[in-house]
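A.B. asks: Now for the letters of each chain:
There are 2 protein chains.
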Amino acid sequence: MSKFDLIAFDADDTLWHNERLYTEAQASFKRLLGQYQSPQWIDQRLYQTEMHNLEHFGYGIKAFALSMIETAVELTEGRISGKDIQAIINLAKEMLAADVELLDHTAETVSHLATIYPLMLVTKGDMRDQEMKIARSGLGSYFRHIEIVSDKSRENYKSLLQRHRIKPERFLMVGNSLRSDILPVLALGAWAVYIPYAMTWAHELAEPPPSGQPGYYEIEHLGQLPALLEGIDRS
Amino acid sequence: MSKFDLIAFDADDTLWHNERLYTEAQASFKRLLGQYQSPQWIDQRLYQTEMHNLEHFGYGIKAFALSMIETAVELTEGRISGKDIQAIINLAKEMLAADVELLDHTAETVSHLATIYPLMLVTKGDMRDQEMKIARSGLGSYFRHIEIVSDKSRENYKSLLQRHRIKPERFLMVGNSLRSDILPVLALGAWAVYIPYAMTWAHELAEPPPSGQPGYYEIEHLGQLPALLEGIDRS
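Protein chains in written order, with this note's numbering: chain A, 1 to 235; chain B, 1 to 235.
So here's chain A without its partners, still in its complex pose:
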């Protein structure tokens, strides 16, 4: 018998590429403002604006677009042209319309695990944006539950598990963010598998759990997950 009643996955940068959409848009943004400021200074001020706006705007592409516009106004001392403002809005529209590109091993791992465990998708950010990505990914049918939350706090995981009547010790979460997918889950006494992604937004950075933390695993890619789960279930 399995140790798990539910295996949950983060989506962005765990199942499909996401951060690089932001990185690419930010590169275009820096080219746009290149005549006014250095790339390093633009990066720094944009991040400050994003952090300052987080309480107002939350996560997601629309929040990012508004923070880019605000940063552009500020860094050009109001001299930004209407054309460039429109170019920033168009960057956001391109991001929202972008194809969903699955990471290596996603398709076969998810379809295989769905035959063994009930699967859940737990993602944060703008609901509409996430729903569109799930639809475009073609993976929706493998997940018994799809949860889009405003923030992946310990409290939100706790109420999510209560709502689904799942005990923490029978829940495992897989994701690429220590801050959002791993640490709050371990804090509840559940299991967590960390799969680092090549790029991490500064806001998501966190210290890994202490070595030997029960329930914590790190793997290199999703293709290694089935063997890991099998090993845990046999142990």
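Read the hints as simulated data drawn from the structure, not as lab findings. Computed from a predicted model, the values in this text were never measured in an experiment. A hint or two may mislead.
For identical chains, the list gives no copy identity; a pair is met inside one copy or between any two copies.
Okay, derived cross-link-like pairs now, BS3-like style, lysine-lysine, Cα gap no bigger than 25 Å in a straight line [stated by the list, open to error]:
| id | residue 1 | residue 2 |
| --- | --- | --- |
| 1 | LYS83 | LYS30 |
| 2 | LYS158 | LYS3 |
| 3 | LYS158 | LYS30 |
| 4 | LYS30 | LYS167 |
| 5 | LYS93 | LYS83 |
Guided by the hints, dock chain B onto chain A, whose structure is given.
C.D. replies: Same frame as chain A, now just chain B:
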């Protein structure tokens, strides 16, 4: 025994004022662009931009802000100043931080009905924004379930009822939008109570159901709901 397993409420402009936040922001927006265009023309172009952007941005204040910015760039042929762009972003922040003002009769009706029926809140729009309003309203604890959906389509109501294992004929929805709260619910064979609000966003306008439509009721304010439900349950 009651005819209903669940009474659901829309939130914006059903339990608390919302549309007037948009109307007020739009009035400030028209003052901002007053030197360039007439108020009527600004209204018209903003609505067109919002409709065009709906597929990209969905509903909510951030979407509204991006559409205002895009409209401002267009209507000023790019001459809008950085300062005015920042003023538009600040309008959005003020909207997001605004107090939640309950409609008359909301507090006593909801607290009373919660002692008789399981209540659900069904609202659409930006999740973070809606969560903050629910928290600020002080009403959260009266609702057994809170559902924030990206769109109030017939399909979304159907899957919501399936998820909660509620039969349509034992579900009643209360709301101020014929398009979002009433027609899709009636189409499923459920009950719907329409409470018109003073202002309706053009996008939400729809024809009322044919007279004599089973399960459809219209009342003037939330204070009339308990007597209506009592009457139905006794019938």
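A.B. asks: Please work out whether the CA atoms of LYS158 and LYS30 approach to 25 Å or closer within one copy, between two copies, in both situations, or in neither?
C.D. replies: This pair counts as neither: shortest intra-copy Cα distance 40 Å, inter-copy 45 Å.
A.B. asks: What label fits LYS30 with LYS167 when the C-alpha limit is 25 Å: within, between, both, or neither?
C.D. replies: Neither: 47 Å inside a copy, 54 Å across copies.
A.B. asks: I want to check one pair: LYS158 and LYS3. Are their C-alpha atoms no more than 25 Å apart within a copy, between two copies, both, or neither?
C.D. replies: This pair counts as within: shortest intra-copy Cα distance 19 Å, inter-copy 33 Å.
A.B. asks: Classify it for me, LYS93 with LYS83: is the Cα-Cα distance of at most 25 Å met within a copy, between copies, both or neither?
C.D. replies: Both: 15 Å inside a chain and 24 Å across chains, each within 25 Å.
A.B. asks: How would you label the pair LYS83, LYS30 (within, between, both, or neither) given a Cα cut-off of 25 Å?
C.D. replies: Both: 15 Å inside a chain and 21 Å across chains, each within 25 Å.
When held up to the earlier numbered hints, the structure conflicts with 3 and 4 and fits the remainder.
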